[in-house]
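Go by the hints and put chain B onto chain A.
From first to last, the protein sequence lines are chains A and B.
With the first letter of the first sequence counted as 1, position 220 gets the number 220 in our numbering; the numbers rise by one all the way through.
With the first letter of the second sequence counted as 1, position 257 gets the number 257 in our numbering; the numbers rise by one all the way through.
Hints are not guaranteed to be accurate.
Identical chains share a label here; the pair holds if one copy fits it or two copies do between them.
[Claimed, not checked] Dumping the calculated BS3-like pairs for lysine-lysine here, alpha-carbon to alpha-carbon at most 30 angstroms:
# : residue 1 : residue 2
1 : K85       : K234
2 : K265      : K85
3 : K234      : K265
4 : K63       : K195
These are computed hints drawn from the structure, not numbers from a lab.
Since we're looking at a predicted model, the values are computed, not measured.
There are 2 protein chains.
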Amino acid sequence: MTADPRVYDPYGEEDKCAKDGPGQAQQEGYLVQSLVRGLRVLVAVTNGARSFQEVAAATGLNKATARRLLLTLRDSGFLYEEGRKFFPTPAVVALAGQYLDHHVLVRNSYSELERLAHATGRSTNLAVLYGDQVLYLNRVAFGSRILEFDLHVGSTLPAHATSLGKAILAFLPEERMQQLYGNGTLERFTDNTVKSLTALQEELARIRCLGYSTSNREYRYSLVSFAAPIFNVKREVVGAINVSTDGHNSGGPELIVRELLLSSKRISYTLGYRDEN
Amino acid sequence: MTADPRVYDPYGEEDKCAKDGPGQAQQEGYLVQSLVRGLRVLVAVTNGARSFQEVAAATGLNKATARRLLLTLRDSGFLYEEGRKFFPTPAVVALAGQYLDHHVLVRNSYSELERLAHATGRSTNLAVLYGDQVLYLNRVAFGSRILEFDLHVGSTLPAHATSLGKAILAFLPEERMQQLYGNGTLERFTDNTVKSLTALQEELARIRCLGYSTSNREYRYSLVSFAAPIFNVKREVVGAINVSTDGHNSGGPELIVRELLLSSKRISYTLGYRDEN
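Next up, chain A with everything else stripped away, as it sits in the complex:
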């Protein structure tokens, strides 16, 4: 939260936001502190904080402030109270539903994701970059494979270890990559996770050349997936789609990649993107 808008905004407004963070905001006098704090409380409860004490600890607010914000969020329908503990209501899911209803990328990709799932006999996903994570905006589950873990709308996974993430990272402006990974080490999840920023940069160059990415057991040993970027009318990357396999039956990559590229191109077209040639 606070002044860290974790969303890659292809229109470049995020940098403006960053310059315009709370410091300046407070100087200019427009920042409504109780709203900032209330949002932090909502996030804390959604992440599992339950009591006045837990919320105060999670947010750094004093208990009296935490209490007023919790009760206000309750009266606004975002939380409910049970035995002096607070729980989120599905209001955030309804809000996400409204967001998805209005999101042109999501709306334009529903039927194409279904087509792709059927053409490949596998699950497909649509995601955007959210900080250094990929955030799932849609998922068409297909086939009888049941993953060892659950992916759903709203799931986030580390971008550098997933095909979806790398398909997006490969087409980001260089300064954005620097912001994300410039001074950080890359967390590793399997022996196959990319080992360094240099190795990641080399792989991203290869992805730019091929037009698609793979994750070969880089986040989970059971997961092999292929992803392709989605571009808008300004030729900026706005998200990615993937086809995931369980790694035990990853035959037919040629078919998967062909259908994947077809779908990603079709979705990009609906956003106004056109090939140069």
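Chain B in isolation, oriented as in the chain A frame:
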């Protein structure tokens, strides 16, 4: 928003909330007005309001207040600004994802919904009641049917016209039904939509007897679906699952109902529910 928590809370806390609405809250002095207003602004933008003017009109706030709240939501990462217009970031989707990660009903039903989709060859959904709407919390799309409209996590549909809604309504406390429908007429969507509260009550009695509900082209002419309620350890209804068909190929209802009831019972069991006999 405001003091209308639209969520059916099986633990009965909602009634307490209703009694404890803003009126009383303000009397007690805990209500943080700027948080209430900020949440209204966030909802307005998510619903499509874009400029200071549009947000002011949608929320009833004056433009100066709307501006401060919009800029604060921007600096908190929930909105971004582009050419003096405001758009929601995917932050609400990430928040919904956290909610779903922590939601025991959602977590306990993933693999069972997949099983049900495969057993019936059709799409399945998990939903809860949200005001007089059903709110989709999970969806396993299956089969080659493409609906004429898109259902996704966060979608809401009128409870009285859907199998999911009626499966929940049938097991609600009577006073809750009165709150929801006591003085209202039922909106109609097709010739098959239930015509009156009396007719709805009769159907709900039948659903209690059968243990499952149907929606036979009651929301869309193309949609036939079957749903069953999910109960918790206190034998309170907490949601429902369904199997939807496209109405053109609704053969095999016996198989669908059998598998549906098996899945709903298994999910209820994971919540601690036990049969009386």
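Structure-based check of each hint:
no., hint, verdict
1, K85 with K234, "between (48 angstroms within a copy, 19 angstroms between copies)"
2, K265 with K85, "between (48 angstroms within a copy, 29 angstroms between copies)"
3, K234 with K265, "within (14 angstroms within a copy, 51 angstroms between copies)"
4, K63 with K195, "neither (43 angstroms within a copy, 51 angstroms between copies)"
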